[in-house]
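Novice: Here is how the chains run, residue by residue.
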Amino acid sequence: ETGVTQSPTHLIKTRGQQVTLRCSSQSGHNTVSWYQQALGQGPQFIFQYYREEENGRGNFPPRFSGLQFPNYSSELNVNALELDDSALYLCASSYWGETDTQYFGPGTRLTVL
Amino acid sequence: DAKTTQPTSMDCAEGRAANLPCNHSTISGNEYVYWYRQIHSQGPQYIIHGLKNNETNEMASLIITEDRKSSTLILPHATLRDTAVYYCIVSPLSNDYKLSFGAGTTVTVRA
Numbered sequence: 008e009t010g011v012t013q014s015p016t017h018l019i020k021t022r023g024q025q026v027t028l029r030c031s032s033q034s035g036h037n038t039v040s041w042y043q044q045a046l047g048q049g050p051q052f053i054f055q056y057y058r059e060e061e062n063g064r065g066n067f068p069p070r071f072s073g074l075q076f077p078n079y080s081s082e083l084n085v086n087a088l089e090l091d092d093s094a095l096y097l098c099a100s101s102y103w104g105e106t107d108t109q110y111f112g113p114g115t116r117l118t119v120l
Numbered sequence: 269d270a271k272t273t274q275p276t277s278m279d280c281a282e283g284r285a286a287n288l289p290c291n292h293s294t295i296s297g298n299e300y301v302y303w304y305r306q307i308h309s310q311g312p313q314y315i316i317h318g319l320k321n322n323e324t325n326e327m328a329s330l331i332i333t334e335d336r337k338s339s340t341l342i343l344p345h346a347t348l349r350d351t352a353v354y355y356c357i358v359s360p361l362s363n364d365y366k367l368s369f370g371a372g373t374t375v376t377v378r379a
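Residue numbers (our numbering), protein chains in the order written: chain A, 8 to 120; chain B, 269 to 379.
If we strip away everything but chain B, and leave its shape as in the complex, we get (with noise of 0.2 angstroms):
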């Protein structure tokens, strides 16, 4: 029952930018959005979340619409090894929370 909606894959070039763009219309007020990314057979790797305000942490930062409909994860420098499934997950900071996994956007980065 994931409540975002993603591409399903996106490629970028080494070195530039990439903009994963996420859509969570129904989000509620108590929800975060997190971004988690799986590299091939690999688990889950957490990126970074947020309410409302932008964040920023040394992996990403994360750009929220006023409306908190959408956001957006940025990868400034993109490299090889970013290469993988990317999760804009919704859910609320609870003690008992669950991730709830969509599909996921593929990103390929291309050198």
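So that you can see chain A by itself, here it is in the shape it has in the complex (with noise of 0.2 angstroms):
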């Protein structure tokens, strides 16, 4: 059984950049859930993803946008990078049709200049 991956590990941004982070769910998900965490803080739910669609979003700004793909694999999309973006963000995997524990990849560390 494969687990939650995430790429790159690290990254570093300018302020105003873009910024793409890809996440692969754990073999048999369907779901997916991003959630960002700032140093010293819990993580805080962004968005989650089901059926390529949106499904639920937390207190973030449109520029925060995602996709899902046909193989449930997905991307976090961060426009007009701000300094306060600078955070670890996770990834997390469930399966939607019986409920089920969400798990996490190791998560992406980015931090904006």
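Hints may contain errors.
Distance ranges between label pairs, derived from CB positions [stated by the list, open to error]: (1) B:P360 to A:T12: 39 to 47 angstroms; (2) B:H308 to A:G23: 26 to 34 angstroms; (3) A:E59 to B:P360: 36 to 44 angstroms; (4) B:H308 to A:S34: 26 to 34 angstroms; (5) B:A379 to A:S72: 31 to 39 angstroms; (6) B:T376 to A:S34: 29 to 37 angstroms.
Under 8 angstroms between C-beta atoms, here's a sample of chain B residues computed to sit facing chain A [as the list claims (entries may be wrong)]: (7) S277; (8) M278; (9) C280; (10) P312; (11) Y314; (12) H317; (13) K366; (14) G370; (15) G372.
These stretches of chain A come out as covered by chain B in the derived footprint (C-beta under 8 angstroms, 3 or more residues) [what the hints assert, rightly or not]: (16) 18-26; (17) 79-92.
Think of the hints as simulated: they come from the structure by calculation, not from any bench.
All values derive from a computational prediction rather than experimental measurement.
Beta carbons are placed, not taken as given, at the ideal position from N, Cα and C, and that holds for glycine.
Grab the two chains, each in its own frame, and use the hints to assemble them into the complex.
Specialist: In structure tokens form, the structure reads like this:
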């Protein structure tokens, strides 16, 4: 069984740039959720994707967007990066159809300068 | 909008049981209690979850009070590798649930 993987591991961007983060779901999972974790805080829910559509969103502006692909992998896109976007971005997968636990990937550390 | 209260930190001796308390006095009838932990700079790791009965797996035991207003996660024989931030979360076990993390409890296991 393959776990959740994320790429890249680390990323450095400058303010105003755009970034794309990627996530591959655990095998057998069809739902992906994204979380942002600022330093010293717990993860905060960004949004969830199921059947290639956004299904629930936390308190994040529209410049945070995502995609889910037919193979259930996912991307998180952030436009017009701000310094406060510096954080660990976590992807979690689960199975919709039977209520199931969310399993997290290792995260992508984004630094905005 | 975390709905749980946990101590900020606690220490535990290696080889001893670690008992992590969590208060969730406003828990609803359809909400489960989840526990995750996060070792430094890694993604959160699922530990266990339960509704009203006590649960046990290979990692830990979860004891939920009869009124469901509080619970305790028990690590039976703590090791140095159990040093982590432990999060207690309440959430309905539905298809579209999200996890609302609080600050968690920083557990340090000492040799």
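Novice: The structure should be examined with respect to each hint, and the outcome stated for every one.
Specialist: Taking the hints in turn, this is what the structure says about them:
1. B:P360 to A:T12: 39 to 47 angstroms: violated, 28 angstroms
2. B:H308 to A:G23: 26 to 34 angstroms: holds, 31 angstroms
3. A:E59 to B:P360: 36 to 44 angstroms: Since the Cβ atoms of E59 of chain A and P360 of chain B sit about 24 angstroms apart, the hinted range of 36 to 44 angstroms is violated.
4. B:H308 to A:S34: 26 to 34 angstroms: holds, 27 angstroms
5. B:A379 to A:S72: 31 to 39 angstroms: Since A379 of chain B and S72 of chain A have Cβ atoms about 47 angstroms apart, the given range 31 to 39 angstroms is violated.
6. B:T376 to A:S34: 29 to 37 angstroms: Hint holds: Cβ distance 35 angstroms, inside 29 to 37 angstroms.
7. S277: Cβ of S277 of chain B sits 13 angstroms from chain A, so the hint is violated.
8. M278: This interface hint is violated because 17 angstroms lies over the 8 angstroms limit.
9. C280: violated, 21 angstroms
10. P312: For P312 of chain B, the interface hint holds, since the closest Cβ of chain A sits about 5 angstroms away, which is under 8 angstroms.
11. Y314: Because about 5 angstroms separates Y314 of chain B from the closest Cβ in chain A, which is inside the 8 angstroms limit, the hint holds.
12. H317: holds, 7 angstroms
13. K366: holds, 4 angstroms
14. G370: holds, 6 angstroms
15. G372: holds, 6 angstroms
16. 18-26: violated (count 0)
17. 79-92: violated (count 0)
Taken one by one, the earlier hints fail for this structure at numbers 1, 3, 5, 7, 8, 9, 16, 17, listed in ascending order.
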